[in-house]
Amino acid sequence: MTLRATTLRVLPVLALLLLGFSAVPGVANAQVKGPAPYASEIRDKCIAEMEKDDRILAACEGSHSSKYHVLDAKQAITNKQFVVAAYAALWGIVTIFVLVLWLRQRKLSVEITRLQAELKKAAAE
Amino acid sequence: MTDSSRSAPLFIGAAVACIFGFGYTLSLIFYQTPLSAGPLYFNQKIFYYHVPCAFMLFLAVIICGIASINYLRGRNQKWDDVSVAAAEVSVVFGTIVMVTGVLWAKPAWGKWWVWDARLTSALLLWMTMIAYQLVRKYGGAGSERLASGLGVFAMVNIPLVYASTRLWKTNHPSANTVPSLDPSMRAALWFSVLLFTVFFILLLRLRIDARRAERRLYECREMALDAGIIE
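Keeping their order, the protein sequence lines are chains S and H. Going by my numbering, the letters in the first sequence line up with residues 1 to 125, in that order. Going by my numbering, the letters in the second sequence line up with residues 1 to 231, in that order.
A portion of the hints provided could be inaccurate.
[As the list claims (entries may be wrong)] As a list, the in silico SDA-like pairs of lysine to any residue whose alpha-carbon atoms are at most 25 Å apart: (1) H:K169 - H:T128; (2) H:K137 - S:L103; (3) H:K78 - S:E125; (4) S:K107 - H:D81.
The hints are simulated quantities; they were obtained by calculation from the structure and are not laboratory data. Computed from a predicted model, the values in this text were never measured in an experiment.
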């Protein structure tokens, strides 16, 4: 089996597998999700009390403030999106290149076969 | 037995190793390395493929540069084939480096792009390799010599790109960051580098093979035309 014949067989498989890898960001999503956060039963009651008394909010400044929780969540979500986008871009570009290579090789093989047939025909005549 | 048929099992073996290896890097990157402290957090995971692709960009440009020098010295078409193949692969890895870099810059620095020395010199390197492709495609007769000159220029640019973080004050972190990483992070990085190197060799080999076949076909067609077999 020549390298060209091997290439023509292996490239589509390689391209499909690379395409599969580009779908892998699902793995990244699974990593970020993790276990569900704890939800307190008296959460609504606490928020209502905090809204009534500004001094409680002041005492809870820093990581205990709901504002910081929202910021943290936003940061985690944004991070995830960038990783997913970068990973998809990486494998997308590689897949496109491998597919272009494969199409080019196939076109070349067709051309070689055509030329060989014409040469045979000419020799027979 | 031809060279191609001898190397076929090695080629298939390397391709299979790459497929399994890339699968394993997912586990390494997303499960076996800790999350980065600080604002980068999960986004630091881009590091494990941004850096290896940058190494492959450098490797491709160096191969293109050396092949270009050899071609300019002896006008041997075999070196020209290597040069063309390496230049094309360098554009692929350069594109990956640029795209993943931009996607990392936004959460890290709050901007998609900054004109610091590392980013600007890397952009110049990438654009030089794109210029190489354009010269080869549209340059007409003698373009291979002009393109070879570009290949050498790009190779000379590499030390500047690498040392830019030391020579100038840049937003981009320096190469000294790697030794300070957690051991599991370093292991994942070097495994990724190894894997991308094998993958790079595969792509380069495929492209060289295609380039040689293109040239042989062109020569055959010319002979057939001269003999009046085809029109």
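Pair hint K107 of chain S and D81 of chain H, alpha-carbon separation not exceeding 25 Å:
holds (19 Å)
Between K137 of chain H and L103 of chain S, does the CA-CA distance stay at or below 25 Å?
Distance ~18 Å between K137 of chain H and L103 of chain S Cα, so the pair holds.
Would you check the hint for K78 of chain H and E125 of chain S, treating anything up to 25 Å between C-alpha atoms as holding?
With a Cα-Cα distance of about 36 Å, the restraint between K78 of chain H and E125 of chain S is violated, given a limit of 25 Å.
Run the distance test for K169 of chain H versus T128 of chain H: straight-line Cα separation, threshold 25 Å.
holds (24 Å)
Of the numbered hints listed earlier, the single one contradicted by the structure is hint 3.
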